[in-house]
Amino acid sequence: MATMITDDCISCGACEDECPNDAIRLGDDIFVIDPERCSECVGLHATQKCAEACPVECCVPDPERRETEEVLLERAQRIHAGRGLTLEVNE
Amino acid sequence: MSNQTVTRRGTCPVCGLGCHVEVSARDDMPVRIKKDPHSFHPATCPRSASALDYHDHPGRLNHPMKRAGRRGEGKWQQISWEQAIDEIAEKLGRIRDAHGPEAVLILGGSVHGASDAAAWRWCNLWGTPNYIHQGKNCGEAEDLAEWSVYGDIGAPGTTPIPGLTKVAIMWGLNAHSSWTKMLWDQFLAAKERGTKLVVVDPRRSESAEKADLWVRLRPGTDGALAYGMLNVIIEEGLYDKDFVERWCEGFDELTARVKSYTPEKVEEITWVPVATILDVARLYATSKPSLLSWGLGNSLLGKATYSAVLGKCFLRAITGNLDVPGGHPFDDMPKQIAFREEMHWDRLLDHPLRKRDNVSAHLWPVASVRGLKLFRKAMAKVHPKGVGPASYMLYPSATSAWSAILDGDPYPVKAAITQGSNGLVAFANSRRIHQAMTSENLELHVVMDHFMTPTAQLADYVMPATDALERVTILPSALWGFGNAYAATAAAADPLYQRRDDYQLWRDLGNRLGQSGYWPDTLEQWFDRLLEPSDVSFEELASRDVNWLFPTPSEKRYEEKGFATFSGKVELVPSLLEKLGYPPLPDYEEPSWSPVSTPELAEEYPLVMTTGASSRYYYRSHQRMLEKLRRRYPSPLLQIHPETARDLGIAEGDWVWVETPMGRIKEKARLVDWIDPRVVHADALWWFPEQPGEVPSLNGVWDHTINAIIPDDADRNDYAGDHCLRALLCRAYPVQDPK
Chain U
0 MATMITDDCI SCGACEDECP NDAIRLGDDI FVIDPERCSE CVGLHATQKC
50 AEACPVECCV PDPERRETEE VLLERAQRIH AGRGLTLEVN E
Chain H
0 MSNQTVTRRG TCPVCGLGCH VEVSARDDMP VRIKKDPHSF HPATCPRSAS
50 ALDYHDHPGR LNHPMKRAGR RGEGKWQQIS WEQAIDEIAE KLGRIRDAHG
100 PEAVLILGGS VHGASDAAAW RWCNLWGTPN YIHQGKNCGE AEDLAEWSVY
150 GDIGAPGTTP IPGLTKVAIM WGLNAHSSWT KMLWDQFLAA KERGTKLVVV
200 DPRRSESAEK ADLWVRLRPG TDGALAYGML NVIIEEGLYD KDFVERWCEG
250 FDELTARVKS YTPEKVEEIT WVPVATILDV ARLYATSKPS LLSWGLGNSL
300 LGKATYSAVL GKCFLRAITG NLDVPGGHPF DDMPKQIAFR EEMHWDRLLD
350 HPLRKRDNVS AHLWPVASVR GLKLFRKAMA KVHPKGVGPA SYMLYPSATS
400 AWSAILDGDP YPVKAAITQG SNGLVAFANS RRIHQAMTSE NLELHVVMDH
450 FMTPTAQLAD YVMPATDALE RVTILPSALW GFGNAYAATA AAADPLYQRR
500 DDYQLWRDLG NRLGQSGYWP DTLEQWFDRL LEPSDVSFEE LASRDVNWLF
550 PTPSEKRYEE KGFATFSGKV ELVPSLLEKL GYPPLPDYEE PSWSPVSTPE
600 LAEEYPLVMT TGASSRYYYR SHQRMLEKLR RRYPSPLLQI HPETARDLGI
650 AEGDWVWVET PMGRIKEKAR LVDWIDPRVV HADALWWFPE QPGEVPSLNG
700 VWDHTINAII PDDADRNDYA GDHCLRALLC RAYPVQDPK
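These protein sequence lines map, in sequence, to chains U and H.
Mapped onto numbering that gives the first Met the number 0, the consecutive letters of the first sequence carry residue numbers 0 to 90.
Mapped onto numbering that gives the first Met the number 0, the consecutive letters of the second sequence carry residue numbers 0 to 738.
None of the hints are false.
Examples of chain U residues lying across from chain H (beta carbon under 10 Å, computed): (1) D6; (2) C11; (3) L25.
Computed far set for chain H versus chain U, every beta-carbon distance over 10 Å: (4) G162; (5) K334; (6) L352; (7) Q524; (8) G567.
Residues of chain U placed beyond 10 Å of chain H at every Cβ, according to the derived structure: (9) G26; (10) V31; (11) P34; (12) R36; (13) T46; (14) V59; (15) E63; (16) R64; (17) R65; (18) G81; (19) R82; (20) E87; (21) V88; (22) N89; (23) E90.
The hints are simulated quantities; they were obtained by calculation from the structure and are not laboratory data.
Everything numeric in this text was worked out from a predicted model, so none of it was measured.
Just so you know, even glycine gets a beta-carbon here, dropped at the ideal spot from N, CA and C.
Could you build all of it, start to finish, from the sequences and the hints given here?
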């Protein structure tokens with residue numbers, strides 16, 4: 000499932016700086032994740048960067064958008080075409 | 000060395016609000032800082048996300064330094080803490096012998112933990128009433144009015160109670176940006192449960208965005224609006240007749256005073272439509288309980304402040320909202336913490352070496368030793384030990400502090416110790432402050448801070464302060480004397496380099512200057528002493544899961560002993576102010592620059608300017624060196640209406656000159672369609688840490704600090720000597736050659 004940002008967001012922008020997919024933007028008041036660009040860091044990092052950076056733990060799985068690892072990887076591969084991303088991540 | 004990560008609870012180091020964090024440390028170095036999810040006061044703002052950067056920032060002050068060149072030249076010699084203290088103490092002793100203890104001035108601002116309280120304690124033992132701290136130019140005017148009218152102040156940080164508070168009026172306050180998220184969320188939670196949220200502000204602030212009713216008034220006219228609301232409430236008989244009958248004195252005088260403030264006349268003054276004035280007056284008076292907030296905005300209006308802050312008190316009183324839950328509960332007295340005893344205010348009042356009142360007592364006696372004594376007398380029956388934040392009754396005006404240094408008026412001030420204050424940027428008329436801080440008359444200036452601010456650049460000694468991760472902390476409001484609640488957090492990391500906590504400066508100076516025996520060895524030991532009435536040690540409290548204690552105060556405390564005024568009643572004609580020579584029930588007065596008071600000046604400077612609104616990204620003048628925050632808020636903004644901007648040839652994002660008769664500075668245009676086309680808002684408190692710190696640049700203060708072009712003359716100040724920062728005149732035009 001894609002990640003979403005809850006109302007607890009404090010608009011600090013820590014997640015925006017960390018997102019490898021450039022999926023996070025400042026919305027009306029709080030930051031918003033574009034689900035079409037979120038791969039939950041699959042193929043890129045062993046941990047989810049936005050959730051790790053968030054000081055208030057408001058980057059959480061979106062229950063409305065459950066997605067398989069394969070779907071997420073495919074999305075990451077599309078965004079980072081040519082990098083040959085796989086489920087194996089070497090950091 | 001172990002590679003294990005340990006997690007400790009601690010205090011966010013980034014600003015003075017002292018929110019709680021969870022710190023993960025490896026080899027004793029913090030590696031990750033998040034909100035403490037178990038705290039009632041968790042760090043949840045964008046600033047806290049820079050906590051790690053703040054703690055080990057390359058710009059931090061890490062060693063005591065002594066000036067090696069001229070003031071402001073940027074030449075420093077690193078010295079030991081002991082050498083610095085020895086030299087400072089020697090100079091202070093000499094100055095006291097030659098000029099008296101009052102020749103020492105203390106400047107504080109945004110606290111680093113114990114700084115303010117430890118400084119007050121030192122000053123009271125030393126014998127100087129000249130300390131200007133948190134509160135001066137920060138809402139003090141409002142508190143003094145409340146104490147004058149009903150002998151108590153509203154509990155700081157009061158929020159509406161969901162399901163109980165009917166109306167919450169945020170007046171001169173943007174809780175969204177100025178208060179913690181937790182408090183702001185209370186406003187939203189109450190709104191969900193039916194509380195009507197009203198915001199009185201010239202700006203459509205983030206709080207106003209969420210309001211049911213936004214009252215957009217001309218900056219500076221808050222007093223006229225308050226009187227207009229009183230007029231409606233009294234004329235229509237909507238006040239609480241039982242409460243007025245039983246508890247208020249001077250109702251007839253108040254009725255007569257506000258009679259001429261008809262909604263029509265008030266619309267003319269405030270630019271608020273008659274219908275809105277009627278709406279807000281009726282809504283507030285007919286919905287109980289209702290909250291009418293404290294506000295900084297209406298406390299910084301110069302001559303217009305007096306009627307604004309008194310008017311708000313009268314509104315709360317005659318609608319029967321005083322000291323009721325969901326309305327305007329009074330601040331509780333510090334009882335679990337021996338705050339008043341440990342401050343030694345009584346020692347200052349009768350100090351054998353103190354011959355004089357503070358430097359502005361002759362101009363603004365409501366904030367003076369004389370004023371404090373009178374307040375104590377008026378409150379004696381209800382508050383025999385006085386109130387917690389008694390310092391607010393004492394702070395002299397900054398205007399007079401500089402006169403005392405520059406002209407010896409009313410007497411010479413020869414030394415200044417600045418702790419956690421950036422006075423050059425924070426007070427009006429930065430040029431005059433610069434003169435004072437570089438004057439030869441000032442024989443000693445010590446600055447203790449986290450960073451080399453423009454103010455620190457002008458010092459003789461610069462001392463490195465620990466941040467809140469590196470020291471023990473009690474909830475900041477408890478250390479200002481507010482309330483009867485406290486929380487204790489241990490240090491989450493050892494101090495880096497030679498940073499020391501603020502307490503140690505006062506302890507060491509005290510021990511060398513005749514106060515030995517008064518200062519426990521460590522800050523924690525002093526906290527133990529403060530906590531004695533609660534029968535718990537600091538260490539024990541800090542180690543508890545629930546490391547705080549919040550007793551619920553009782554309500555309608557006046558029913559037992561009356562109000563803490565001379566008459567025991569709510570005084571709508573405050574006798575305390577009368578005794579000090581003030582008109583006790585004033586007319587609304589215009590700010591000293593306004594389209595009404597100075598129409599000729601307004602021809603040349605046609606825009607009404609308000610300044611200094613808060614943002615979540617910066618606390619006052621701090622944090623401009625933190626990259627993450629600067630990326631999101633890189634420069635000071637001038638909020639201006641698109642039509643006004645178009646007429647002036649200004650486009651979004653342009654650098655703009657903002658000019659007053661005192662000069663001009665640059666801000667970036669931010670076009671906003673909600674502001675009155677005749678009004679602009681200029682960001683305040685800016686300096687650029689990345690620009691050269693030495694003179695003449697001083698981190699760009701002359702180019703970007705709005706206070707450099709705001710006057711501080713005595714006759715423009717409010718009744719407590721506070722500067723007029725929020726109701727001014729200016730003109731704006733594009734910078735032709737932006738560099």
